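Peer 1: Sequence:
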Amino acid sequence: MPQLSPPTDRHREIGFPEFVGLMAMLMALTALSIDVMLVALADISSDYFLADANDRQLVITAYLLGFAVGQPVWGPLSDRIGRKPVLIAGLVIYGLGCLGAMVSPSFETLLAARLVQGLGGASPRVMTMAVVRDRYAGSGMARVMSLLMMIFIIVPILAPTMGSAVMAFAPWHWLFGFMMVFDLIVLVWTLTRLRETHRPQRQLAPSLGGLLETLRVVVSNRQTVGYTVAFGFMMGSLMGYVGTAQQVFVEVYHEVELFPILFGAIASAIAAASIINARFVTRIGSRRMSHAALLGFVAVGLVTAAFGFPAKPPLALFMAALGIQFFCFGLIGPNFNAMAMEPMGRVAGAASSFVGFYSTAASAFLGWAVGQQFDDSVRPLMMGFAGFGILALVCVLVTERGRLFRRAAA
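When the letters of the sequence shown are read in order and numbered with our numbering, they come out as residues 122 to 531.
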């Protein structure tokens, strides 16, 4: 890529607010790709005459699988050739996936297009983490991640409503047209405003040996691996909820009209937690914030499991339990990500790929496993929350050698 020196006003380093805004839009692409589809799952099942109603969840799973597969490719590649070319390539592939999904003649074709869409969407996710790590570290990085979470969480809050608005005037296929417009806006913003944050001293073509050595550095770090695995379990609970939310609120509680509002209310709990985390994480520390939240997440899960959560608890009680757990999730996610990435300065792209690949692949499988157990009750979802929370806690205890809440080494 040609050097721009000295930078013109157009390409001068963007300020902090614009940087956070662009990174949040890039992160929001995946949230939009998943959550805007929730209101269309019933129509997709009907239009393609699916024999098993739970198969509609594969629309989410297919995207996540492509998303997982793409990350080990994009990250190491960006360490070798730079972040911006990889980011642009991913955004273009994402748009092609949207186009394919718009014209899909069969359910299988739709799933293939979603796989391509996820493959392209993996690039913005990985590059966001890598670019942030290029510019920030430690609690500063955790603060930026919390701000990103706070901004991009608006998308899950509004996405089902936006999807409903599109479907009020057009069939569900046009949801992918909506995603294409969003993708184009982010692509133009990236092309015109984002400067390269990682310029390798040697512009080498990717080699298998180099990639394997980079992977060895990443997977040999106890902190990176431990918090990545723990985050995978937490993401499994989230995807279990996302995959079954439409069925739970519509088929169990019969709240067809209120579904976008109820879904947004739960997402608001994550947004509130992200605001609190961004404000206090530099003072309290990533470990203390996330460890306390993880204990709270597990406690609520154990209480609901111990009382054998009824098949259909009162909606207010169900929402309260979910709200508390997703508030805790909002404190866990950005901090687990920051702690996994913190030791990986020289290979931030590969590390971001590893964190993203594992957490996404795990969440796709675990979320699918929870979703396939849906039996017109909330029990599978709540049992999944309890089980995944306990497994995440075990991972953290092993990583920290049994000592929670400790401060990071200076």
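Calculated directly from the structure, the hints in this document are not laboratory data. There's no promise every hint is true.
As the list claims (entries may be wrong) - Pairs of lysine to aspartate or glutamate residues, derived as EDC-like cross-links and limited to a Cα-Cα distance of at most 16 Å, are as follows:
| id | residue 1 | residue 2 |
| --- | --- | --- |
| 1 | K433 | D497 |
| 2 | K433 | E521 |
| 3 | K205 | E317 |
| 4 | K205 | D173 |
| 5 | K433 | E372 |
| 6 | K205 | E134 |
| 7 | K433 | E376 |
This one's a predicted model, so the numbers in the text were calculated from it and none came from an experiment.
Peer 1: So, for every hint listed, does it hold in this structure?
Peer 2: Here's how the hints hold up against the structure:
no.	hint	in the structure
1	K433 to D497	holds (9 Å)
2	K433 to E521	violated (38 Å)
3	K205 to E317	holds (6 Å)
4	K205 to D173	violated (42 Å)
5	K433 to E372	holds (11 Å)
6	K205 to E134	holds (14 Å)
7	K433 to E376	holds (13 Å)
Consistency with the previously given hints fails for numbers 2, 4, ordered from lowest to highest.
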